[in-house]
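*Asks:* Single-letter residue listing:
There are 2 protein chains.
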Amino acid sequence: MNPVLSGIAPSLIRELKARKKPGDIDLGLGEPTLKPDVRYFEAATERVRREGCPYSPNAGYTDLRAAVAAYHAFPDRGGAENVLITVGSEEALYLAIKSVLDPAGDEALIVEPCYLAYPKLCALEGIRHRTVALNGDDGFRPSAARVLAAMGPATRMIILNSPNNPTGRIWPADELRTLADGLAARPGPPVWVLSDEVYRELYLTPERPASIGQMWPYALVAGSLSKSNALTGLRLGWLVGDPEAIAAATKVHQLVNTAASTFSQMVAREVFADPTNLGAHRAHYAERLELVAGLMKRNGIGLVRPEGAFYCMVRLPLALEHDSLAAAEALLEAHHVVATPGRAFGDSGEGWVRLSWVAEPDDLRIAIERIAAFFATADRG
Amino acid sequence: MNPVLSGIAPSLIRELKARKKPGDIDLGLGEPTLKPDVRYFEAATERVRREGCPYSPNAGYTDLRAAVAAYHAFPDRGGAENVLITVGSEEALYLAIKSVLDPAGDEALIVEPCYLAYPKLCALEGIRHRTVALNGDDGFRPSAARVLAAMGPATRMIILNSPNNPTGRIWPADELRTLADGLAARPGPPVWVLSDEVYRELYLTPERPASIGQMWPYALVAGSLSKSNALTGLRLGWLVGDPEAIAAATKVHQLVNTAASTFSQMVAREVFADPTNLGAHRAHYAERLELVAGLMKRNGIGLVRPEGAFYCMVRLPLALEHDSLAAAEALLEAHHVVATPGRAFGDSGEGWVRLSWVAEPDDLRIAIERIAAFFATADRG
Numbered sequence: 001m002n003p004v005l006s007g008i009a010p011s012l013i014r015e016l017k018a019r020k021k022p023g024d025i026d027l028g029l030g031e032p033t034l035k036p037d038v039r040y041f042e043a044a045t046e047r048v049r050r051e052g053c054p055y056s057p058n059a060g061y062t063d064l065r066a067a068v069a070a071y072h073a074f075p076d077r078g079g080a081e082n083v084l085i086t087v088g089s090e091e092a093l094y095l096a097i098k099s100v101l102d103p104a105g106d107e108a109l110i111v112e113p114c115y116l117a118y119p120k121l122c123a124l125e126g127i128r129h130r131t132v133a134l135n136g137d138d139g140f141r142p143s144a145a146r147v148l149a150a151m152g153p154a155t156r157m158i159i160l161n162s163p164n165n166p167t168g169r170i171w172p173a174d175e176l177r178t179l180a181d182g183l184a185a186r187p188g189p190p191v192w193v194l195s196d197e198v199y200r201e202l203y204l205t206p207e208r209p210a211s212i213g214q215m216w217p218y219a220l221v222a223g224s225l226s227k228s229n230a231l232t233g234l235r236l237g238w239l240v241g242d243p244e245a246i247a248a249a250t251k252v253h254q255l256v257n258t259a260a261s262t263f264s265q266m267v268a269r270e271v272f273a274d275p276t277n278l279g280a281h282r283a284h285y286a287e288r289l290e291l292v293a294g295l296m297k298r299n300g301i302g303l304v305r306p307e308g309a310f311y312c313m314v315r316l317p318l319a320l321e322h323d324s325l326a327a328a329e330a331l332l333e334a335h336h337v338v339a340t341p342g343r344a345f346g347d348s349g350e351g352w353v354r355l356s357w358v359a360e361p362d363d364l365r366i367a368i369e370r371i372a373a374f375f376a377t378a379d380r381g
Numbered sequence: 001m002n003p004v005l006s007g008i009a010p011s012l013i014r015e016l017k018a019r020k021k022p023g024d025i026d027l028g029l030g031e032p033t034l035k036p037d038v039r040y041f042e043a044a045t046e047r048v049r050r051e052g053c054p055y056s057p058n059a060g061y062t063d064l065r066a067a068v069a070a071y072h073a074f075p076d077r078g079g080a081e082n083v084l085i086t087v088g089s090e091e092a093l094y095l096a097i098k099s100v101l102d103p104a105g106d107e108a109l110i111v112e113p114c115y116l117a118y119p120k121l122c123a124l125e126g127i128r129h130r131t132v133a134l135n136g137d138d139g140f141r142p143s144a145a146r147v148l149a150a151m152g153p154a155t156r157m158i159i160l161n162s163p164n165n166p167t168g169r170i171w172p173a174d175e176l177r178t179l180a181d182g183l184a185a186r187p188g189p190p191v192w193v194l195s196d197e198v199y200r201e202l203y204l205t206p207e208r209p210a211s212i213g214q215m216w217p218y219a220l221v222a223g224s225l226s227k228s229n230a231l232t233g234l235r236l237g238w239l240v241g242d243p244e245a246i247a248a249a250t251k252v253h254q255l256v257n258t259a260a261s262t263f264s265q266m267v268a269r270e271v272f273a274d275p276t277n278l279g280a281h282r283a284h285y286a287e288r289l290e291l292v293a294g295l296m297k298r299n300g301i302g303l304v305r306p307e308g309a310f311y312c313m314v315r316l317p318l319a320l321e322h323d324s325l326a327a328a329e330a331l332l333e334a335h336h337v338v339a340t341p342g343r344a345f346g347d348s349g350e351g352w353v354r355l356s357w358v359a360e361p362d363d364l365r366i367a368i369e370r371i372a373a374f375f376a377t378a379d380r381g
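Protein chains in written order, with the working numbering: chain A, 1 to 381; chain B, 1 to 381.
Just chain A, with the same shape it has in the complex (with noise of 0.2 Å):
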């Protein structure tokens, strides 16, 4: 077996998720619960009876990635050699890791909280690699200052993800400049910033977030249909950059998939068809948050409000503080309430639990409501 797999940690949200027994209420949930609209999946099954279903170029239909090209509408990445179509986000986000990094030298910066997939992706390709923790005590704000501080001589990617999971957050336009000016003084070679944007359209803030990628040329965006559209399971991703760092990223995804599912980017076609059906979810996001915030407060827990996305950091009580597993237990073993421990996010997560909100109303209140007696308990305890 290749040695690398066995210095990679399993998911401690899956172990958790395993432990679920019917009838738990599932505050750990990662996907939309939300259904799909299935005229997208009709449409693109007319298209397989007139067409078939064959190969799509490798790096994916030329009008679906000019589609999405003008969707992000970057500077000088509106083409479609500035797209490559991925198998979800999570290919783009390898593809970007394993492309346009030297293993012999190169390190990545990972900006904490975050998804972990971030650090095992890099472990996998031999790529070195540390984090830079953003401060839990000022509710996990993005600060450029904080990351331009951590890099390092061999730092040649910096990875953030805005909106982010878990935090909620949004990388402020601002900071993002800061950012790129701090990158632009460095001397050395250029550093590339991987920007996970999968949860670009489920923002809560009057403003659709900005993103580096208007920035910093050096920026590649990872996003996908999967949150915003409620289509997990299609597969469904992109890669924008250029076309240089495109163009080694699809000789790498031509190897190990060959290109994307034909009949995902058929479904991807219809939605790109009207752009403004990206943001169809959003308003529900935004409505449910009103609900879990207050709820929330009735209940009297504090939580950093989201900007984005469809989860919130919840402070545990001091005596649950030290250990965030041991509290997502007890609360699932004692509360039959699924929550992710902030620890699966990094070690600034400790101290903090994931809440995600995308389940029903009526579960929504029994398990804040659980929650609450849970951290009342604990703190008298």
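Treat the hints with caution; some may be incorrect.
Identical chains blur together in the list; that is why a pair holds if it fits in one copy or across any two.
To be verified - The list that follows gives simulated cross-link-like pairs (lysine to aspartate or glutamate, EDC-like), each with its CA atoms no further than 20 Å apart:
hint, residue 1, residue 2
1, LYS35, ASP174
2, LYS297, GLU369
3, LYS120, ASP102
4, LYS120, GLU107
5, LYS17, GLU329
6, LYS17, GLU350
7, LYS17, ASP363
8, LYS297, ASP137
9, LYS35, GLU51
10, LYS35, ASP363
11, LYS297, GLU42
12, LYS120, ASP379
13, LYS35, GLU81
To be clear, the hints were calculated from the coordinates, so they are not data collected in a lab.
Chain A is fixed; fit chain B onto it per the hints.
*Replies:* Frame of chain A, contents of chain B only:
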């Protein structure tokens, strides 16, 4: 950029295809021209209407994994835990090479002529590899003795393909038995046999091909619906093997793309509801082969009679046999037929061209007459 990428040559096949002009007849195709049965897509769309399109488990839906295990029916490999659902057989090959070999010292031995993704995937993953060539003078007859004699002390994987692209040859059961016995007799750690069986259903012999999976516990068998059911764009494949190898491959799969498309798995469930569906196109290819073999004979072109897949190898005339690429280029420029230079399948393919015979009968007739004319001119020239 990752320096390993610059060492991986671009595909000769794609380079040649890029020069194809309208009106040229394409016998270079690597996918069926048949259309798939659209009813599978209709049923899967109904399922999306009811269930949405959520993530599947990382390794694929358990019932589909069990159906694939039952379909291959290898000894002690009959359970879902023996199967990983992948993004086409291409990902199955990648995962096998990436997961079970140690780049620090293990070597793969690749049986040629072959699909050149095998050595390229080894190069991508930093796996040392050598090839062992079958003998063109012997019609590229599979030979266990040749393979066993070529093994070295570090050989930990043999990669073979049956039915074979490009030769159309099938590994006979007795050769596979000799191979398994030879491997069993070797001292040292076990040697994996990665068997690419993507053309398993397209056999032109009276009997279904044997598989090393029936005879060797360290077999890893890659398959897919791409060629059997004209579903290349579905990107639905699988890897079958021992549970430890499947678990390791699943770990990589989860990190690099999470899971295969849920919709593609829904389509596959419909196909596997009656496994005879996988043989639906076999008669079509058998009939087409009779036509092609007759046309070849009438035009005086010698071929290695295919036993499976939809390709055949044709020996170049003496005047052309030193350079199959130049021959294919001349055939395209002067006679408007796309064929694949044998060199695209390794050094052992030099002196040959591969013709695929998925084209329409009229096109096949015209193309074969043109090839005959080209060969005749070359020998006179």
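*Asks:* Now tell me, hint by hint, if it's right for this structure.
*Replies:* Hints, one by one, checked against the model:
1. LYS35 x ASP174: Close neither inside one copy (36 Å) nor across copies (52 Å); limit 20 Å.
2. LYS297 x GLU369: within (11 Å within a copy, 81 Å between copies)
3. LYS120 x ASP102: both (16 Å within a copy, 18 Å between copies)
4. LYS120 x GLU107: within (14 Å within a copy, 25 Å between copies)
5. LYS17 x GLU329: So LYS17 and GLU329 pass the 20 Å test inside one copy only (10 Å; across, 58 Å).
6. LYS17 x GLU350: Cα proximity of LYS17 and GLU350: one copy only (19 Å, versus 55 Å across).
7. LYS17 x ASP363: within (17 Å within a copy, 57 Å between copies)
8. LYS297 x ASP137: within (19 Å within a copy, 81 Å between copies)
9. LYS35 x GLU51: between (27 Å within a copy, 8 Å between copies)
10. LYS35 x ASP363: Within. Shortest intra-copy distance 18 Å satisfies the 20 Å Cα cut-off; inter-copy 46 Å does not.
11. LYS297 x GLU42: neither (43 Å within a copy, 47 Å between copies)
12. LYS120 x ASP379: Neither: 35 Å inside a copy, 59 Å across copies.
13. LYS35 x GLU81: For LYS35 and GLU81, the Cα distance exceeds 20 Å both inside one copy (32 Å) and across copies (30 Å).
Going down the numbered hints, you'll see the structure goes against 1, 11, 12 and 13, while the others check out.
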